[in-house]
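**Student:** Now for the letters of each chain:
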Amino acid sequence: EAQVTQNPRYLITVTGKKLTVTCSQNMNHEYMSWYRQDPGLGLRQIYYSMNVEVTDKGDVPEGYKVSRKEKRNFPLILESPSPNQTSLYFCASRAGVAGANVLTFGAGSRLTVL
Amino acid sequence: AQSVAQPEDQVNVAEGNPLTVKCTYSVSGNPYLFWYVQYPNRGLQFLLKYITGDNLVKGSYGFEAEFNKSQTSFHLKKPSALVSDSALYFCAVRDMGDYKLSFGAGTTVTVRA
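Sequences listed follow chains A and B, in order. If you're matching positions, the first sequence starts at 1 in the working numbering and goes up one per residue. If you're matching positions, the second sequence starts at 1 in the working numbering and goes up one per residue.
Just so you know, these hints were derived from the structure itself, not from any lab. Hints should not be assumed to be uniformly reliable.
[What the hints assert, rightly or not] Computed list of lysine-lysine pairs in DSBU-like fashion (alpha-carbon distance at most 35 Å, straight line):
1) LYS71(A) x LYS57(A)
2) LYS18(A) x LYS69(B)
3) LYS49(B) x LYS69(A)
4) LYS65(A) x LYS69(B)
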């Protein structure tokens, strides 16, 4: 089944404790992206990647890092999490970079930072 | 810059009645427009998109949307709503010359039996 898989789905952590949210897609998609969803704000893009070793900042990159060493994986790293990073996170991918191809989303990762 | 506005936080309708979820957009060039739906504890699912051509786009689950260039709108519609349509709906826009997809804040739809 074609899908985007995120782990963990739920995580409670404490301020300053580094964590990584993994994202993997099995569709050979070039483009991958991370979003955070907050009430009243919709989805805001954190980082995106147009291909292996090509990443760029989205609208809210502060406090996050990403890497794209392999085409299928796009982990989101929080080096020193803070409470304002408590949110619902989505990874998404699509075929190609240009064009109107549709984003496929993961099921989401709910992160709480105490 | 591109942006999307969904003017209604919530829409409440009775089952069997028409459903409309409003969306307006702003782009510097020509838009690609999308609607996604999010059910509780799930990721976003694609409903439909407008690329070019016919202004009326038909999508999944009986939904359709009308592209109106003069009003820069892309309202989502369903002629007869079901209780199972209760969900969070997102409109999104992408300028044809850009890579980024911008989302609206979302509209919560509640369909009462």
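**Student:** Now, for every hint given, state plainly whether the structure supports it.
**Tutor:** Hints and how they fare:
1. LYS71(A) x LYS57(A): 18 Å, holds
2. LYS18(A) x LYS69(B): 46 Å, violated
3. LYS49(B) x LYS69(A): With Cα atoms ~31 Å apart, LYS49(B) and LYS69(A) stay inside 35 Å; holds.
4. LYS65(A) x LYS69(B): Violated, because 38 Å separates the two Cα atoms, which is more than 35 Å.
Figure legend: structure checked against the earlier numbered hints; hints not met, in rising order: 2, 4.
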